[in-house]
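Colleague: These protein sequence lines are chains A and P, in that order. Following the working numbering, the residues of the first sequence are numbered contiguously, the last one being 67. Following the working numbering, the residues of the second sequence are numbered contiguously, the last one being 1130.
Keep in mind that the hints are not guaranteed to be accurate.
Pair by pair, the computed Cβ-Cβ distance ranges are [to be verified]:
1) A/Val43 with P/Asp1039: 25 to 31 Å
2) A/Gly61 with P/Asp1084: 28 to 34 Å
3) P/Val1065 with A/Val43: 26 to 32 Å
4) A/Gly18 with P/Gln1097: 20 to 26 Å
5) P/Ala1029 with A/Thr46: 33 to 39 Å
6) P/Asn1096 with A/Phe21: 16 to 22 Å
7) A/Pro44 with P/Pro1020: 14 to 20 Å
8) P/Pro1020 with A/Asp6: 27 to 33 Å
9) A/Gln25 with P/Ala1023: 37 to 43 Å
10) P/Asp1111 with A/Ala19: 16 to 22 Å
Simulated from the structure, these hints should not be mistaken for laboratory data. We put the beta carbon where it would ideally sit given N, CA and C, even for glycine.
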Amino acid sequence: MRLFRDEEHVRNAYPVPGALFAPAQLWQLAKRWYGDRLEPDWVPHTRERNQADLEAAGLTGPFFQLP
Amino acid sequence: MNVELRRRIFQQFAATGEPPEIAADELAALAREHAVVLDGQGRIAFANPFATSSAPYTVITPTRVRFAVCVWDGLGVAAALGEDARVEARCPDCHNQLCLEVRGGELVPTDTVVHFLVPAGQWYENLDST
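Chain A with its partners taken away, still in its complex shape (with noise of 0.2 Å):
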């Protein structure tokens, strides 16, 4: 999970695929998953509410479905 200067970039450190996307859908998944971590009342999330977070951050498909 690391930021890189292009996509060219990206094919120069890791020749197999990955999951490839900007970082805005990133910040919109980390409000989601760590927007509450510091309240008093904190629970971990299910699993199911990570991974509506994923998808409302509009990453979904095979590589975004968590165990």
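Guided by the hints, dock chain P onto chain A, whose structure is given.
Modeller: Below, chain P alone, put in the same frame as chain A:
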């Protein structure tokens, strides 16, 4: 799972940039549950999204510097704190410094890209490499 202990770890990371001192048996239990990852000395290396200062992503806010092991967690620290933040790291290919900025709850537009190597189905098998 000891949720209260996990809350304490997050709060300490947020307040100081470093984890609290916790008994080894409690840490081992959290590690077994993938709630923390320990370093070679049995200390907390990271408790997502927070990490110790050896981590490659630096999160700079008006109040303090914190650290994260990946770009997702770097933005996660900013989201958890609810503060303006600058997430800095080096491109794994060219090693030039890259930066993401959060201002007023929004990510400043950027030409950089995010890459996930490991599919979500394998994220919890080895958090260190994920």
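Colleague: Hints first: check each against the structure and report whether it holds.
Modeller: Here is how each hint holds up against the structure:
no. : hint                               : in the structure
1   : A/Val43 with P/Asp1039: 25 to 31 Å : holds, 27 Å
2   : A/Gly61 with P/Asp1084: 28 to 34 Å : holds, 33 Å
3   : P/Val1065 with A/Val43: 26 to 32 Å : holds, 28 Å
4   : A/Gly18 with P/Gln1097: 20 to 26 Å : holds, 22 Å
5   : P/Ala1029 with A/Thr46: 33 to 39 Å : violated, 21 Å
6   : P/Asn1096 with A/Phe21: 16 to 22 Å : holds, 21 Å
7   : A/Pro44 with P/Pro1020: 14 to 20 Å : holds, 19 Å
8   : P/Pro1020 with A/Asp6: 27 to 33 Å  : violated, 40 Å
9   : A/Gln25 with P/Ala1023: 37 to 43 Å : holds, 39 Å
10  : P/Asp1111 with A/Ala19: 16 to 22 Å : holds, 18 Å
Checked against the numbered hints above, the structure violates hints 5 and 8; every other hint is satisfied.
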